[in-house]
Every structure is written in structure tokens, then in C-alpha cells.
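Visitor: Okay, here's what each chain looks like letter by letter:
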Amino acid sequence: MKIIDKLITWSLLKSPWILHFNSGACNGCDIEIVDALTPKYDVERFGIVLKATPRHADILVVSGPVTRQQAKRLKTIYEQMPEPKFVMAVGACGCSGGVFNGCYGVIPGVHQTLPVSVYIPGCPVRPEAIIDGVVKLIQSVEGKK
Amino acid sequence: MSKITIPFGPQHPALKEPENFMLVLEGEQITSAGINLGYNHRGMEKAAEERTYLQDLYLIERVCGICSHSHTTCYITNVEELAKCETPKRALAIRTLIGELERVHSHLLWLGVAGYEMGFETLFMYTWRDREQVLDCLELLSGNRVHYSINTIGGVRRDITAEQKTEVKKRINYLMERTNYYIKLATEEPTVLARTQKVGKLPLDVAIERGAVGPTARASGLARDVRKDEPYLIYNELDFKVITHNTCDVFGRLVVRALELVESYKMIHQVIDNLPEGPIAVKVPMKIAPGEAVNHYEAPRGEDIHYLKSNGTDKPERLKVRAPTLANLQSVAYMMEGGWLADVPLVIAAIDPCMSCTDRAAVWDAKKGKTEVYSWEEMRKMGIEHYKRRGVDFSKL
Ligand code: SF4
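Top to bottom, those sequences are chains A and B.
Numbering follows numbering that gives the first Met the number 0, in which position 73 of the first sequence is assigned residue number 72; successive positions increment by one, without gaps.
Numbering follows numbering that gives the first Met the number 0, in which position 182 of the second sequence is assigned residue number 181; successive positions increment by one, without gaps.
Same shape as in the complex, but just chain A (with noise of 0.2 Å):
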């Protein structure tokens, strides 16, 4: 391994940066999110940060089953990201389309547009499990190294 790649992944796993997209959520992950960010929860002692852009960011949160309108959206954020890059699928909509399976406007589940690297289940996902789901992936990373 480059030592600029050791340090990239140093870097990622002492502090992942996180961009939140609501690719048509019902906005019940979405406030689970952020509470996962304020005081109650508070993940930024883990170094997880919330990023405004994708050009930050090294794990891409996603809620919500898809809607076609976003899907095209959803690609072309995750392909402004910088490599590692990650995907995280929130809620029970974002890992199988949930509820709204079958609705007319949606592509059910994150995995139809992009590659997912963790599934988060719960309708709407707890903030423990959120902790849970970006610990997971930092070990499964760490592993690999």
C-alpha cells in the first residue's frame, strides 16, 4: 500500500465525514440523523462530522426508497465524491423501499442506483443504530487494511 493511501484511511477511520441525502424520505430517518449529531447522541466524539458537500464527504447517508426524480441526482453526488467512498442505506425504505414499495414513483431500495455498503433497518432507523451501522463499517474497513 502508497503511504498516501495508509493515510487516507488513517484519516477515514479517525474521522469519517459524513453527506446526508434524502433521496425522498418521509423525513423520519432524516430527524434521526441529525439527532444522532446533537447532544442527546452526539456522534462527533467519534469524529463523524456532518458535511455540506459531496466533495468532502466519505460516506454518503442515504433515506428514502428513491424517487425517480432523485435517482439521477443521487448518482451524480456519489460520483462527485472522492474515492474511498462508502454508502450508507438508512431506513427501512432505503434498504428495500420500505412502505413504498410499489409506489408508482419510486425505484425501491438505495442498492438499485448505487452500491451499498451498509443496511440500516427500522422504520424510522434509532439513533443507536445509526452509531451502530458507521462503527460496523469502520471495523469492516479496518479489517481489510
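Hints are computed from structural coordinates only; laboratory data are not their basis.
Possibly wrong hints are sitting among the right ones.
Listed below are the simulated BS3-like cross-link pairs for lysine-lysine, each with C-alpha atoms no more than 27 Å apart in a straight line [as the list claims (entries may be wrong)]:
(1) Lys39/A - Lys169/B
(2) Lys39/A - Lys183/B
(3) Lys74/A - Lys135/A
(4) Lys168/B - Lys39/A
(5) Lys74/A - Lys50/A
(6) Lys88/B - Lys308/B
(7) Lys39/A - Lys164/B
(8) Lys71/A - Lys45/B
(9) Lys319/B - Lys308/B
(10) Lys286/B - Lys45/B
Computed footprint of chain A on chain B; a stretch qualifies when at least three of its residues, placed anywhere within it, have a C-beta under 8 Å from a C-beta of chain A [said to hold, decoys possible]:
(11) 50–64
(12) 142–150
Positions of the beta carbon are idealized from the N, C-alpha and C atoms, including for glycine.
Given the coordinates of chain A, work out where chain B with the ligand should sit on it, guided by the hints.
Guide: Showing chain B with the ligand alone in chain A's frame:
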């Protein structure tokens, strides 16, 4: 000066119904604003026709994660009306209780978001920390933090015990104290006043003309509240005031929401203290006779309207939902006109849409013929900087 048109959105998940704002600018001032709708369309109304009434309950709950109880209650009132079912009094009281707890959680959430858009992040962290208290109450009563699903056709799913009552009251008393602090902050803190006063003006006559609802309308002096005008559930037995304000700006909306919190606390105490005895649910047949029903409900953001048509089977023939944000969009267009570009995030946030994802706005410079893209975050930063140059700085607090 040449005019510049900015498309704001269409991916604008800041609002329940994603839309696109076309802002025409002269310098930094907005001369006109147009709105296009129909982006985040999932097709829920059609999906509802393919599911049974009970399944629809869980689908409708997911129209919006923040006012989920409002939508299900409105829907279920229609179903019960068509099924001619007598819902027990205790169930109605429990629905009212959850409804008010939901309003508290939603208003606290809004207060935080408004603080964030102003650049006052401490307020954001404070209110979201306190909001956990309401979420704990909701979890205690229903088993879930966001989608409570307390409603079921014919009543509610869970009863309330004496221990739960004391626990909820304890938390509400704590919140009462905190809210008094927020009210003081909102009305006396000069930096907050500088960012909210005379911003996003919506005079009374325009509010009526454009059909504004909820706190947006009440902050323009329009005493419009379904809970008072046409009481549903057990609101006719509760003692509460309709809060209005006459400044017609973002400051007014801030004050209205903060004071409504206090009214909600009062109502929560009243419901808990006078909870009627009896069963919590009755049985309702799966198939519902043909008919039509319309009901409205005062959701945290304003009047929510549901229309339901049944055809004798166990599935509805047609369901129509009109969420309050849709009603307020016309007013947003008016509020932005004549205002500063820097105020756009705050003005949009003031009608209480949901700040949930990364938006972008493209700036079209007609003179240079090129497009620049702004993200929501950049817009927000720009707003904060704009006011910093004019002496409004929250970092010194
Ligand atoms: S998983 Fe459930 S709570 Fe989360 S966005 Fe989807 S419908 Fe909403």
C-alpha cells in the same frame, strides 16, 4: 442593474413537497419569486387505493415523519366517519395527548432549525437536546420515537398507566422552564431581533388572499386554528388560547410558535388530569360502506385536509391529502419578494418546512451568461456573513 434569475431547487428537500423557486434578483434584492412543484413524488395516494384501510394507516403515517400523528388522525377520522363507528372517549383523549406532544416536538425542532439558519447554533443544540424529553414521552406512551402509530381504526393501540402520567408530567414541567428561557431569548436578545424583525413580511390581507395556514397565518394576525374554529377530538373541552401576533414577520412566527408551546403544555396537563375512563378501542368491520368524507386537522404547520371515498370494499376508492406546507408556499413567494437573497433560507425555514438534505441553487448570471451553483449550506453561510458585516454576530454570545 441587470436582472439575474436564480433557480432555487428543484431538489429542495427543505420542504415537504420538493419544489423549485425561480428567484429574480436585482443586485442582492429579490424582485420576484415563482414556484414549481411536483418533484419528490412517490405516488402515495395511488398506493393507498391498493391497500386495505388498516394498511393505509401505516402508509399515511409516512407522508411526513414529523407530523405523522396529524395525518393518521385526520385519515382515521374519515374512516371512522364512513364506518359510522363510535370511537371511545378515552381513545379520543389519548389521540389529543399525542397530538399535542407532537406539536411540542415539532415546534422545538423548528426553533432549533430557525436558530441554525440564523447562525445561532447554540440555540439549535439547546432545543434539540430538550426535544429529547418529548421524544422520550412519546416513546414511553407509544413505543416509538418518531412514527408512534398510536392510532388504530376504532380507537388507539395502547392505554396510559398512572406511572406514565407522572413521568410525562415531570418532563413537561421541565420543558416549561426551558421554554420560558427560549421566550425570553426570542423576545429580548438583540441579535435574534436584528435577524428576524421586518424579515419576510406577510401582511394580514395578503395572508388571507394567499390562504396561509397555521403559525404562518397566525403571525400575521389571522386567528385561524382548526382546534378552535371547528373542534375535533376533545379540543372543545380544553382551555387554550389561539396565539396570534401582529408583526407579520419572521419574528412574529418565532413568538407564535414559542407561545404555542406553552399552550400545548397546558393542554397536555389538562388531558392527563381529566382522562376519561372506559375502553380504548372498538371493533370496526373490514369493509366500509360507500360514501365520502372530508376532515381537517390542525397539524403543527397548519391545516391538514384529507378526503376519502369508499366503495364498499376493504380498500378506499380515492384518498387525497393536502398538507399544510402546500398552502403556505404561495405566501413564501410573497415574503421573498423585495427581500434580500441572504434572508431566503430563514424565510423559507420560517414556514417550517423540513430541513433534511443538501439543496442547491444555481445562480444564473444573465450578463455573463453563466451558471453558478450554490448549495443550501453556502446560501446559509452567505446569509450569516451578510449580517455579520452589518453587525449581527452570534459568535460573540
Ligand atoms: S424508513 Fe420509515 S421513517 Fe425512514 S424515511 Fe422511510 S418511511 Fe420514513
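Visitor: Hint by hint, note whether the structure agrees.
Guide: Comparing the hints with the structure gives:
At roughly 19 Å between alpha-carbon atoms, Lys39/A and Lys169/B fall within 27 Å of each other, so this suggested pair holds. A threshold of 27 Å between alpha carbons decides the hint, and for Lys39/A with Lys183/B the separation of about 24 Å falls inside it, so the pair holds. As the CA atoms of Lys74/A and Lys135/A are separated by approximately 24 Å, the hinted pair is consistent with the 27 Å bound. Simply put, Lys168/B and Lys39/A have alpha-carbon atoms about 21 Å apart, close enough for the 27 Å limit, and the pair holds.
Of the pairs offered as hints, the one joining Lys74/A and Lys50/A holds, with about 18 Å between alpha carbons and a cut-off of 27 Å not exceeded. Between the alpha carbons of Lys88/B and Lys308/B the distance comes to roughly 25 Å, so the proposed pair stays at or under 27 Å and holds. For the hint linking Lys39/A to Lys164/B, the alpha-carbon distance of about 23 Å falls within 27 Å, and the restraint holds. Restraint check for Lys71/A and Lys45/B: the C-alpha separation of about 23 Å stays at or below 27 Å, so the hint holds.
Our distance criterion of 27 Å between C-alpha atoms is met by Lys319/B and Lys308/B, whose separation comes to about 9 Å. Among the hinted pairs, Lys286/B with Lys45/B is consistent with the structure: their alpha-carbon atoms are about 19 Å apart, no more than 27 Å. Against chain A, the stretch 50–64 of chain B contributes 6 residues with a C-beta closer than 8 Å to a partner C-beta. That satisfies the three-residue criterion, and the hint holds. Counting residues of the stretch 142–150 of chain B whose beta carbon lies closer than 8 Å to any beta carbon of chain A gives 3, which meets the minimum of three for the stated coverage.
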